[in-house]
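Participant: In case you want the letters, here they are:
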Amino acid sequence: NAGVTQTPKFRVLKTGQSMTLLCAQDMNHEYMYWYRQDPGMGLRLIHYSVGEGTTAKGKVPDGYNVSRLKKQNFLLGLESAAPSQTSVYFCASDSGGLPYEQYFGPGTRLTVT
Amino acid sequence: AQKVTQAQTEISVVEKEDVTLDCVYETRDTTYYLFWYKQPPSGELVFLIRRNSFDEQNEISGRYSWNFQKSTSSFNFTITASQVVDSAVYFCALSEPGGSYIPTFGRGTSLIVHP
Numbered sequence: 156n157a158g159v160t161q162t163p164k165f166r167v168l169k170t171g172q173s174m175t176l177l178c179a180q181d182m183n184h185e186y187m188y189w190y191r192q193d194p195g196m197g198l199r200l201i202h203y204s205v206g207e208g209t210t211a212k213g214k215v216p217d218g219y220n221v222s223r224l225k226k227q228n229f230l231l232g233l234e235s236a237a238p239s240q241t242s243v244y245f246c247a248s249d250s251g252g253l254p255y256e257q258y259f260g261p262g263t264r265l266t267v268t
Numbered sequence: 527a528q529k530v531t532q533a534q535t536e537i538s539v540v541e542k543e544d545v546t547l548d549c550v551y552e553t554r555d556t557t558y559y560l561f562w563y564k565q566p567p568s569g570e571l572v573f574l575i576r577r578n579s580f581d582e583q584n585e586i587s588g589r590y591s592w593n594f595q596k597s598t599s600s601f602n603f604t605i606t607a608s609q610v611v612d613s614a615v616y617f618c619a620l621s622e623p624g625g626s627y628i629p630t631f632g633r634g635t636s637l638i639v640h641p
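Chains A and B, in that order, give the protein sequences.
Its first residue numbered 156, the first sequence is counted upward by one per residue in the working numbering.
Its first residue numbered 527, the second sequence is counted upward by one per residue in the working numbering.
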């Protein structure tokens with residue numbers, strides 16, 4: 156039972172470089188999310204998806220793009236990384252309705268120098 | 527605007543003590559969800575509970591219980607007979623209608639349980 160997986164676990168980028176974070180879930184969940192967590196703060200929603208082929212902006216979407224071409228995968232892209240994007244990124248999925256369940260990936264620690 | 531306040535930054539207790547983590551929220555919506563999450567020192571995030579705004583019944587799950595009071599806009603979390611393994615940062619969150627309900631998180635309360 157893999158749940159939610161994220162790759163990579165760690166990454167160091169230079170300013171201006173691009174990268175893609177991959178989130179995969181095997182629970183057939185419709186809803187998937189990308190959050191960032193900065194020291195001393197709770198999570199902030201970057202983008203989310205309510206189903207295959209759909210994406211929507213969360214509260215801090217600038218500088219990020221997402222895609223959900225397959226139901227089980229939710230990709231987060233940074234086109235031109237900035238030091239302000241240094242953070243821990245968490246992916247999550249949930250069932251939406253009842254019985255409600257929600258799971259998080261293990262996180263990706265990204266440093267932009 | 528939605529807001530979640532966890533006024534307790536850090537709480538320190540001795541094992542077997544009961545502890546309550548406070549969560550106060552602000553919203554203009556009548557339909558919303560409230561959540562609690564646990565983040566142990568290892569860093570993973572664990573979903574604990576989701577409560578619908580129309581359901582004010584208290585919930586108990588083992589040593590955990592939650593008290594939802596609309597009159598005071600609070601959704602407090604109590605751990606009975608705390609254990610060292612309960613040491614973690616606990617986050618409260620409020621989600622607003624819109625798509626899949628966009629959440630707003632509090633800044634978290636760090637709970638340290640001493641043996």
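Just so you know, these hints were derived from the structure itself, not from any lab.
You may find that some hints are simply not true.
[To be verified] Only some residues are given here: those of chain A computed to face chain B with a beta carbon under 7 Å:
no.	residue
1	M196
2	L200
3	V215
4	G218
5	N220
6	Y255
7	F259
8	P261
Since the model is a prediction, treat every value here as computed from it, not as a measurement.
We treat Cβ as the ideally placed atom computed from N, Cα and C, and that holds for glycine.
Participant: Would you mind marking each hint as holding or not holding in the structure?
Facilitator: Evaluation of the provided hints:
With a least beta-carbon distance of about 6 Å to chain B, the hint placing A:M196 at the interface is held under the 7 Å criterion. Contact between A:L200 and chain B, as hinted, is supported at the beta carbon level, the nearest pair being about 6 Å apart and thus within 7 Å. A distance limit of 7 Å between C-beta atoms decides the matter here; for A:V215 the minimum to chain B is near 11 Å, and the interface restraint is violated. Contact between A:G218 and chain B, as hinted, is not supported at the beta carbon level, the nearest pair being about 18 Å apart and thus beyond 7 Å.
Contact between A:N220 and chain B, as hinted, is not supported at the beta carbon level, the nearest pair being about 17 Å apart and thus beyond 7 Å. Nearest Cβ of chain B to the Cβ of A:Y255: about 5 Å, under the 7 Å cut. The hint holds. Restraint check, A:F259 versus chain B: the minimum CB separation of about 4 Å is within 7 Å; hint holds. Below 7 Å, beta-carbon pairs count as interface contacts, and A:P261 has one with chain B at about 6 Å; its hint therefore holds.
Going down the numbered hints, you'll see the structure goes against 3, 4, 5, while the others check out.
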